[in-house]
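Produce the entire structure from the sequences given, and follow the hints as far as they go.
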Amino acid sequence: MTHQTVADRFGYTRVVLRVEGLGKRFGDRWLFRELTFEVSQGQSLVVLGPNGSGKSTLLRTLSGLLPPTEGKVHISGDPRLSLGVSSIEMALYPQLTVLEHLEFVASLRDCDPRSDELIARIGLEHARDQVTSKLSTGMKARVKLAMSIQANPKVLILDEPGAALDDKGRELVASIAREQIQRGSLILATNDPSERRLATHELFLAA
Amino acid sequence: MNSSWQREIKAVFLKELNSELRTKSGLITASLFSVVTVVALAYAAYNTSLSGTIAAGLIWVSILFATIVSIPRIFLIEEELGTMDILRLTARPHSIFWGKSLFSLAQSIVTAFLLAGMFVAFVGQRIYDPTLFLVSIFGGSVCLSSAVTLCGSLVAQAANRSALAAAIAVPLLLPVVTMAVGATRGSLGAGFHQQAVNCALGLIAYAIASQAIGPGLFALVWKS
Amino acid sequence: MEKLKNLLRPLFFVAFSIVTVWTYIVPDAKGFQYPAMARIFFWHFPCSILLLAFMFTGIYFSFRVFKRVDRGFTSVESAIEKMQWDSRAEAAMELGFIWAILTMVTGILFSLVQWGAWWQWDPRQTSFLIALLIYGGYFALRNSFPDPEKRAHFSGAYCLASALPIFFLVLVYPRLPQVQAVSFHPTNTIMQGQLKGQYGYVTITMLVLMSILSVWLYRLRTRVVLHEIALDYKNGNLEISGRSATPSGVVRPVSVPDENESATERN
Numbered sequence: 001m002t003h004q005t006v007a008d009r010f011g012y013t014r015v016v017l018r019v020e021g022l023g024k025r026f027g028d029r030w031l032f033r034e035l036t037f038e039v040s041q042g043q044s045l046v047v048l049g050p051n052g053s054g055k056s057t058l059l060r061t062l063s064g065l066l067p068p069t070e071g072k073v074h075i076s077g078d079p080r081l082s083l084g085v086s087s088i089e090m091a092l093y094p095q096l097t098v099l100e101h102l103e104f105v106a107s108l109r110d111c112d113p114r115s116d117e118l119i120a121r122i123g124l125e126h127a128r129d130q131v132t133s134k135l136s137t138g139m140k141a142r143v144k145l146a147m148s149i150q151a152n153p154k155v156l157i158l159d160e161p162g163a164a165l166d167d168k169g170r171e172l173v174a175s176i177a178r179e180q181i182q183r184g185s186l187i188l189a190t191n192d193p194s195e196r197r198l199a200t201h202e203l204f205l206a207a
Numbered sequence: 001m002n003s004s005w006q007r008e009i010k011a012v013f014l015k016e017l018n019s020e021l022r023t024k025s026g027l028i029t030a031s032l033f034s035v036v037t038v039v040a041l042a043y044a045a046y047n048t049s050l051s052g053t054i055a056a057g058l059i060w061v062s063i064l065f066a067t068i069v070s071i072p073r074i075f076l077i078e079e080e081l082g083t084m085d086i087l088r089l090t091a092r093p094h095s096i097f098w099g100k101s102l103f104s105l106a107q108s109i110v111t112a113f114l115l116a117g118m119f120v121a122f123v124g125q126r127i128y129d130p131t132l133f134l135v136s137i138f139g140g141s142v143c144l145s146s147a148v149t150l151c152g153s154l155v156a157q158a159a160n161r162s163a164l165a166a167a168i169a170v171p172l173l174l175p176v177v178t179m180a181v182g183a184t185r186g187s188l189g190a191g192f193h194q195q196a197v198n199c200a201l202g203l204i205a206y207a208i209a210s211q212a213i214g215p216g217l218f219a220l221v222w223k224s
Numbered sequence: 001m002e003k004l005k006n007l008l009r010p011l012f013f014v015a016f017s018i019v020t021v022w023t024y025i026v027p028d029a030k031g032f033q034y035p036a037m038a039r040i041f042f043w044h045f046p047c048s049i050l051l052l053a054f055m056f057t058g059i060y061f062s063f064r065v066f067k068r069v070d071r072g073f074t075s076v077e078s079a080i081e082k083m084q085w086d087s088r089a090e091a092a093m094e095l096g097f098i099w100a101i102l103t104m105v106t107g108i109l110f111s112l113v114q115w116g117a118w119w120q121w122d123p124r125q126t127s128f129l130i131a132l133l134i135y136g137g138y139f140a141l142r143n144s145f146p147d148p149e150k151r152a153h154f155s156g157a158y159c160l161a162s163a164l165p166i167f168f169l170v171l172v173y174p175r176l177p178q179v180q181a182v183s184f185h186p187t188n189t190i191m192q193g194q195l196k197g198q199y200g201y202v203t204i205t206m207l208v209l210m211s212i213l214s215v216w217l218y219r220l221r222t223r224v225v226l227h228e229i230a231l232d233y234k235n236g237n238l239e240i241s242g243r244s245a246t247p248s249g250v251v252r253p254v255s256v257p258d259e260n261e262s263a264t265e266r267n
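Each protein sequence line maps, in turn, to chains A, B and C.
Residue numbering for the first sequence follows our numbering, starting at 1 and increasing by one per position.
Residue numbering for the second sequence follows our numbering, starting at 1 and increasing by one per position.
Residue numbering for the third sequence follows our numbering, starting at 1 and increasing by one per position.
Simulated from the structure, these hints should not be mistaken for laboratory data.
All the pointers check out, no bait thrown in.
Distance windows between CB atoms, simulated:
id : chain 1 : residue 1 : chain 2 : residue 2 : range
1  : C       : Phe56     : A       : Glu179    : 55 to 61 Å
2  : B       : Gly216    : C       : Ser78     : 18 to 24 Å
3  : B       : Gly216    : A       : Ser76     : 25 to 31 Å
4  : A       : Arg183    : C       : Ser78     : 31 to 37 Å
5  : B       : Tyr128    : C       : Leu220    : 57 to 63 Å
6  : C       : Val172    : B       : Ala106    : 27 to 33 Å
With a Cα cut of at most 27 Å, we get these calculated DSS-like pairs of lysine-lysine:
id : chain 1 : residue 1 : chain 2 : residue 2
7  : A       : Lys134    : B       : Lys24
8  : A       : Lys72     : C       : Lys150
9  : A       : Lys72     : B       : Lys223
10 : A       : Lys140    : B       : Lys24
11 : A       : Lys140    : B       : Lys10
12 : A       : Lys72     : C       : Lys234
13 : B       : Lys223    : C       : Lys67
14 : A       : Lys168    : A       : Lys134
15 : A       : Lys134    : B       : Lys10
Not close to chain A: a few residues of chain B, all C-beta gaps over 10 Å, as computed:
id : residue
16 : Phe65
17 : Gly117
18 : Ala212
Quick caveat, the model's predicted, so the values are computed rather than measured.
Ideal Cβ placement from N, Cα and C applies to all residues, glycine included.
Now the structure itself:
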């Protein structure tokens, strides 16, 4: 394990996400079943698997966007604050600006928007007052990243974060990911070998 | 209600309002619909005086359809754009329902008063009891908006949503319309006044009941 | 037990036949245009009661669909249970729908004979039409969700949402004084014991027999489906526990290159 915290050294880890016997069924097919694991602070789990193996579904189930057919996902704290999610499927409101997105989400979470800081972090200062329908796909992906780390989540779930991003964007993802591993834990679904290197643990889903 | 709920509900409401003000699609649809309906009705009723019952019926049928037209804008659009995930991740179901419901209430009140006002003006209908008239239009709008918000959330993920929205909303809305007609026609001088007042009271009770069960039901399905 | 069951079925048919004959030999009711034809009531009344009974049963079953949702751990057993409540709700609603149609048909026949018009816009008649529309909405909603779990959730919520209008339409609205004044339906006849003598006995016997018939139909309808759901979820894995032998994924630690910086090397 790479990122050892003091707690780790004493054989004590802070579990931030616990999954017990998780299973999801679509129609008459089980995508995955009997998944049991814990993710602790300082760990990062990379979910691997071919297209259609249920990576995104697993991540959506972990995020609470889909109800599990079986099993339980437990995230410590209020998931609105302790969970950050960014995926390619997620869309932004076309009529709202970048700044409004951050403020809207902050109001819903009842947390500090940190708009200026986050917009600078994702490098979209020039586009802060543009409606998102005018942004490129890569820029939208950055906005989603900013929204996902807004509340300094304990668990950050990223679904194919590198897709649609340029080199600078990927660098941003990598730095966010490293920062997240320091702060809490990271769950990542990817097929990108460079992102795979972030893993302390891997989960392979067969098709 | 503590401040975090207020902040969340306000955020949802303002988000809807902002999106609406920037596209104005709902506003344009509703006002066009109102003008066309009222002009058509006024044209049909030219030189005839409508009884209070008929006038109330026409007003409410128009409001009913104007409301149904607005169902897709509540949840379907979020589901179609794929923005529902943002809400599911960051908001609590009750604040979403209340925010959306308040917005659709604002919308249906504007539409209902626009329609009813234009109808009364164009057709030259006399209002005998303005208070009752206002109460009936307001109460009816509250009932319609909560039922419509709920139906919107139920059909949002369905395959043939737009057609389905009307099919499932109408049976839930018909009792409201019946009561609303009963109350409005009283204010227009038809039927017994006491009955109309009873209908208005029934409408208010129904509005409270439907606003009370709406968020709970929404919370059951919103993460399905 | 099996013998008793075999005996019950013919017995039921005999009883039903006897009551059917009985409906023809009771003396004519008074105060109708065609007193002989007032006998439709014997069929009409139980249908309307059963339509309501099944609507409320459907609402209760839909409530049960949600009862287990928030218990934290979702076991496959609880998923099966949820789907089973859903299919019970569906069966109840289907039967209710059939009774609703029969109520409408018998009502229309009665109205045609006695009042000379097939549709009166009588408040209670209209209420039952709306109930029929709610049944229609329920099935329309069900049909548009291919995923069974979503179907269960959304149609269940609709069913629960319809409780308010149904309650209002069927139990409150027809009893309002202004509605009673114009309705053709007598509301007080049964409540105040005006349905006396043979007429009353026939009505009650008919209601009992038709209820037995509906329960029987309901059981026939659900018997196979409930097992099918359980089997389907266990997906061929017919071990006693119903769990698959091997988990579909295992988390394993990776031997990561020593430095934290390994991930950034490529940049």
